[in-house]
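Take these sequences, add in the hints, and give me the full structure.
2 protein chains.
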Amino acid sequence: MGRWEPNARDRLQRAALELYSENGFDQTTVADIAQRAGLTERTFFRHFADKREVVFWGEDALHELFVSAVADAPDSASPIDAVAAGLEAILSYFEPITRAAARQRQAVIAANTGLQERELSKYSSLAEGIADALCNRGVGALTANLTAMAGVAVFKVAVEGWIDGTDGRDLSQHIRESLGELKALASGG
Amino acid sequence: MGRWEPNARDRLQRAALELYSENGFDQTTVADIAQRAGLTERTFFRHFADKREVVFWGEDALHELFVSAVADAPDSASPIDAVAAGLEAILSYFEPITRAAARQRQAVIAANTGLQERELSKYSSLAEGIADALCNRGVGALTANLTAMAGVAVFKVAVEGWIDGTDGRDLSQHIRESLGELKALASGG
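So the sequences go chain by chain: A and B. The opening residue of the first sequence carries number 1 in the numbering used here; numbering runs sequentially from there. The opening residue of the second sequence carries number 1 in the numbering used here; numbering runs sequentially from there.
These are calculated hints, taken from the structure and not from any lab test. Hints are not guaranteed to be accurate.
Pairs count within a copy or across copies, as identical chains cannot be separated in the list.
Claimed, not checked - 27 Å max Cα-Cα, derived DSS-like pairs, lysine-lysine:
hint : residue 1 : residue 2
1    : Lys51     : Lys156
2    : Lys51     : Lys122
3    : Lys156    : Lys183
4    : Lys156    : Lys122
This is the structure in structure tokens:
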């Protein structure tokens with residue numbers, strides 16, 4: 001077996017999520033994952049620090065895409081429009097992810113308290129990153145924090161709608177709907 | 001020492017937060033807390049399951065106040081108005097809490113990853129409770145989830161503003177401002 005296997009990361013991630021889904025996260029070992037992927041434990045640890053990282057791998061890229069797009073929005077964009085640009089930018093991250101894979105991953109997280117806490121903490125960091133980017137655009141702290149949290153809420157609701165959806169609408173449509181809903185709810189008060 | 005000490009819960013909670021603040025959460029033992037409060041470890045465990053519960057004690061009451069008020073809002077209230085009623089209802093929970101005590105508690109949480117995760121999970125449960133209450137009012141799932149998360153964001157931002165504030169405005173003023181800001185940001189897009 002060669003030192004650098006083709007697509008090792010993808011194979012390991014797919015194997016891990018299958019096993020977490022079949023047997024539970026806590027019950028799965030790195031040895032199980034390596035075996036299912038036809039690779040070695042050493043190869044696993046060249047790609048991931050631990051079992052948990054497999055579930056959240058790539059999230060840093062998503063964070064970066066979202067926050068950069070907020071920062072780079074035109075000066076004339078309102079806070080909510082800058083966040084909308086961030087929501088638009090992350091679509092490229094989801095491009096290669098099938099709905100079935102996203103659904104499997106979400107079910108794995110939902111079944112494990114530690115993974116749920118980790119996910120909440122990722123969302124919280126994302127909101128902080130967006131709020132910082134808005135502050136750097138000259139937006140006041142209150143508005144920045146609130147807009148960032150509302151933007152993350154739009155994102156969460158849209159991803160859930162996409163994963164649970166049966167009508168075949170894609171994520172961009174769910175994001176548009178969810179963003180429109182945020183604007184409507186606020187004006188309906 | 002009598003079996004039922006007067007104000008034992010308050011004394012223990014105050015002693016615990018002082019010690020967490022002075023020495024760190026991980027470095028403080030239940031024995032330390034009992035000693036500082038002039039009570040026994042047995043008394044501590046009659047009031048709290050563990051060290052962590054001291055930090056979040058009372059949060060269930062807050063959750064209940066918020067969610068009940070959303071459920072009991074007039075039928076004519078829009079989703080955001082029902083959430084506004086919830087935000088109004090929790091003010092009574094904060095009535096006896098001084099800003100200095102709230103600030104001390106927040107600093108203790110900010111200094112400990114486990115407590116931060118616990119707090120995020122409390123906020124997430126609160127949002128779920130509010131969303132369920134809105135669904136029971138006949139609000140669709142997307143709007144219910146989004147309004148609930150936006151309401152929790154308003155709450156978080158208002159409490160932070162109150163804790164950090166130097167102008168003496170009370171929590172109700174911060175909540176009003178934060179809610180107004182939510183409405184403004186959504187209409188500004």
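Against the structure, the hints come out as follows:
1. Lys51 <-> Lys156: within (24 Å within a copy, 32 Å between copies)
2. Lys51 <-> Lys122: Both ways: Lys51 and Lys122 sit 16 Å apart in one copy and 25 Å across, limit 27 Å.
3. Lys156 <-> Lys183: Both, since 16 Å and 20 Å are each at most 27 Å.
4. Lys156 <-> Lys122: both (12 Å within a copy, 17 Å between copies)
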